[in-house]
Amino acid sequence: MASPCEVHVADASRDLAGRVLEAVAGEARRIERKWSRYRTDNVVHEINTAGGRTVTVDEETARLIDYAANLFELSDGRFDITSGVLREVWKFDGSDRVPTRAAVAAVLAKVGWRRARWRRPELTLEPGMQIDFGGIGKEYAVDRAAALASAISNRCLLNFGGDLLATGPPADGRPWRVGIEGLAHPTRAAKEIDLKQGALATSGDARRFLLKDGKRLGHILDPRSGWPVEGGPRSVTVAAPTCTEAGMLATFALLHGPDAEAFLAAQGVRHWCLH
Amino acid sequence: MQLKKRKPMRKLRNVGTPLAAATCALLGQAAPRTVDAQELAPWDFDTSFLIYSEADGRVQDLSLNGIARKELREDSFLNLTFALDSLTGASPSGAAPSNVVQTFTSPSGNASYTAGAVNPVLDSTFHDQRIAASGSWQWPVTRLTLMDVGASISNEYDYTHLGVDAKVARDFNNRNTTLSFGVALASDTVDPVGGAPVPLAPMLGLGNMASKRGDDSKDVTDFLIGVTQVVNRKTIVQLNYSLSNSDGYLNDPYKILSVVDAVTGSPVPGPAGSGLYRYLYEGRPDSREKQSLFGLVKHDFDGNVLEASLRYMTDDWGVDSQTLDVHYRWGLKDGRYLQPHVRYYSQTAADFYHTVLFDGRPVPQFASADYRLGEFDAITLGLKYGMPTKKGEWSARLEWYQQTGNADPAARVGVLTNLDLYPDLNALIAQVSYKFGRR
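Residue numbers (the numbering used here), protein chains in the order written: chain A, 1 to 275; chain B, 1 to 439.
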């Protein structure tokens, strides 16, 4: 998951906590293995190296692709699992190396879900195109692992690199206290939230950006233009029943740039933005 | 002035319902659970109402207190306190009881009060409203150093206090040791009803203000140096030394002394035409230096917490005191607790404490008959009950205070031999508190 993952279990014996941990860690590892773009032994690698061939995917991958197709429609093309290739020209390492317009345009030719042919369970991409579940995978893993954990204990808090879900509060009914990382001091909580049940997901560019002529370019790229979204909040946290929903709403909001808060208000969800 | 052009409002799409449906399909969950997430209020509040009631019609205090605390950042807090007190009742004036009815001029100079034969002399014109507020700000200067600065103000009908303070605390030894140093400065103004009496001047008849002058003031400087040590996971000890210097008008403007016959113990006639016996306004030194040493141990007995402290105080007025204070927080089910409290206090009399002065002898340089400067012991027994609620915590406290003192043995002459020259003081304290906010 490229980030620390933890699970807290309240009012549990060592044995019970151990079983929760085993279930959660097992599911996180399974999901990482199956859809990580850094591996060469999984379905994502097969799709990304197909060179125009059609790949038949398993049922769970098909559900993820269905979901990604839905996200593309719901976000009017702002969320696109084929946008990962833009990273070939955009390296958000805090430097001032901003790519040329020509370089961005060249890569953009390989981006666009509309160019993919998805006939469940068969996916065909144009040669050079790739898919990446990075924008969904961590949140999906939290929800899946939480489903397994809640079969053992309904008093767990899962935290996969800042994407959280509580299966329920500890026995005394007091909530889990969660801090949203501050921008200036990442170790200090900018906001504190009491979470009894449900999920909190945060999207942001706190530590991934480019600085060009004093202007900060965050790592949220608009796949329609190939350029970073400007003028929006630097961090968005959303509360929702599932971590996946919360994460997608936070990502959609960031993709709306300066309209992020208006977008979140229109969704009627609890949210917190840091600028 | 140029008006900012408003951006046209764009209708933003509500994707909530289709997104929820798509997520359900992805996760294979029939009915998603709900979300219950609340941002913590940035403020914490602690409010209380207290009744302090002395027996025999003496002082009654109704007190309303509030503390608000805001976390600005981690380790950075703003603290605000507020208190409103309403004091009524009667306060011992310092005059000794006698076998005759005694008449006194009240502090304003335009009324009088009497004390029946044998009865203690209580000035029932005593009443006051007090309003007090303070603010302090604490912030980390470095990773291991906390700074705290504050200011306080209070106002009564006849008294105004202004104070500033600063404290710096630094952690050492893996944060197991904290050294702190504090300083506080106060400047108080006293503007008594009828003016501040000239020390040791006689009480005069109605309308005669020759023994009174205007307002007066005092300055107080406090220094504190302390060390707190974490002994182990369950025990903390603390040791503080403090030095306090007061300068200026340190009298209680409403306290007097009786001048009696050295053989019969009866009051002697006062100023001609006043119709009063002879009473002198008290006169204390105009400086006081106090030093105190305070030690505290806090130990966790598996969820039940014992807190015990000892304080030794000595000053250059000859008052030495010691205080033993013990609290035991006894945890019950569901976060409720019972907390018994025992406090024992004992002090020696000030060098210039005199229950009475004798006629015909030279008036000492300093003299006071204020029972609070006499020799006494006091015991407090209390019990507190606390109960958490969904949003905070309720607690109720009931305490009983008894003070037993000894008059100056030299005062036991004539009629005074059989009178109660240092009546016991009994008081009840009842308090209800509610804490709420981010907890």
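Each hint should be verified, as a subset may be incorrect.
Unchecked claim - Derived contacts from chain B toward chain A, CB cut-off under 8 angstroms, selection only:
#1 THR23
#2 VAL190
#3 GLY194
Said to hold, decoys possible - Listed below are the simulated PhoX-like cross-link pairs for lysine-lysine, each with C-alpha atoms no more than 25 angstroms apart in a straight line:
#4 B/LYS384 / A/LYS191
#5 A/LYS196 / B/LYS384
#6 A/LYS191 / B/LYS218
#7 B/LYS333 / A/LYS196
#8 B/LYS390 / B/LYS234
#9 B/LYS391 / A/LYS191
#10 B/LYS234 / A/LYS191
#11 A/LYS196 / B/LYS391
#12 A/LYS196 / B/LYS435
#13 A/LYS196 / B/LYS390
Claimed, not checked - Restraint-style ranges between C-beta atoms, simulated for each label pair:
#14 A/ASP11 / B/PHE49: 28 to 38 angstroms
#15 B/THR34 / A/GLU59: 24 to 34 angstroms
#16 B/HIS299 / A/LEU211: 47 to 57 angstroms
#17 B/ALA20 / A/GLY77: 14 to 24 angstroms
No wet-lab data here; the hints were simulated from the structure. Note that the coordinates shown come from a computational prediction; the quantities given were computed from them, not determined experimentally. Ideal Cβ positions, reconstructed from N, Cα and C, are used throughout, including at glycine.
Right, here's what the structure says about each hint:
no.	hint	verdict
1	THR23	holds (5 angstroms)
2	VAL190	violated (46 angstroms)
3	GLY194	violated (55 angstroms)
4	B/LYS384 / A/LYS191	violated (34 angstroms)
5	A/LYS196 / B/LYS384	violated (31 angstroms)
6	A/LYS191 / B/LYS218	violated (45 angstroms)
7	B/LYS333 / A/LYS196	holds (22 angstroms)
8	B/LYS390 / B/LYS234	violated (28 angstroms)
9	B/LYS391 / A/LYS191	holds (19 angstroms)
10	B/LYS234 / A/LYS191	violated (31 angstroms)
11	A/LYS196 / B/LYS391	holds (14 angstroms)
12	A/LYS196 / B/LYS435	holds (21 angstroms)
13	A/LYS196 / B/LYS390	holds (13 angstroms)
14	A/ASP11 / B/PHE49: 28 to 38 angstroms	holds (36 angstroms)
15	B/THR34 / A/GLU59: 24 to 34 angstroms	holds (28 angstroms)
16	B/HIS299 / A/LEU211: 47 to 57 angstroms	holds (54 angstroms)
17	B/ALA20 / A/GLY77: 14 to 24 angstroms	holds (21 angstroms)
Comparing the model with each numbered hint stated earlier shows that hints 2, 3, 4, 5, 6, 8 and 10 do not hold.
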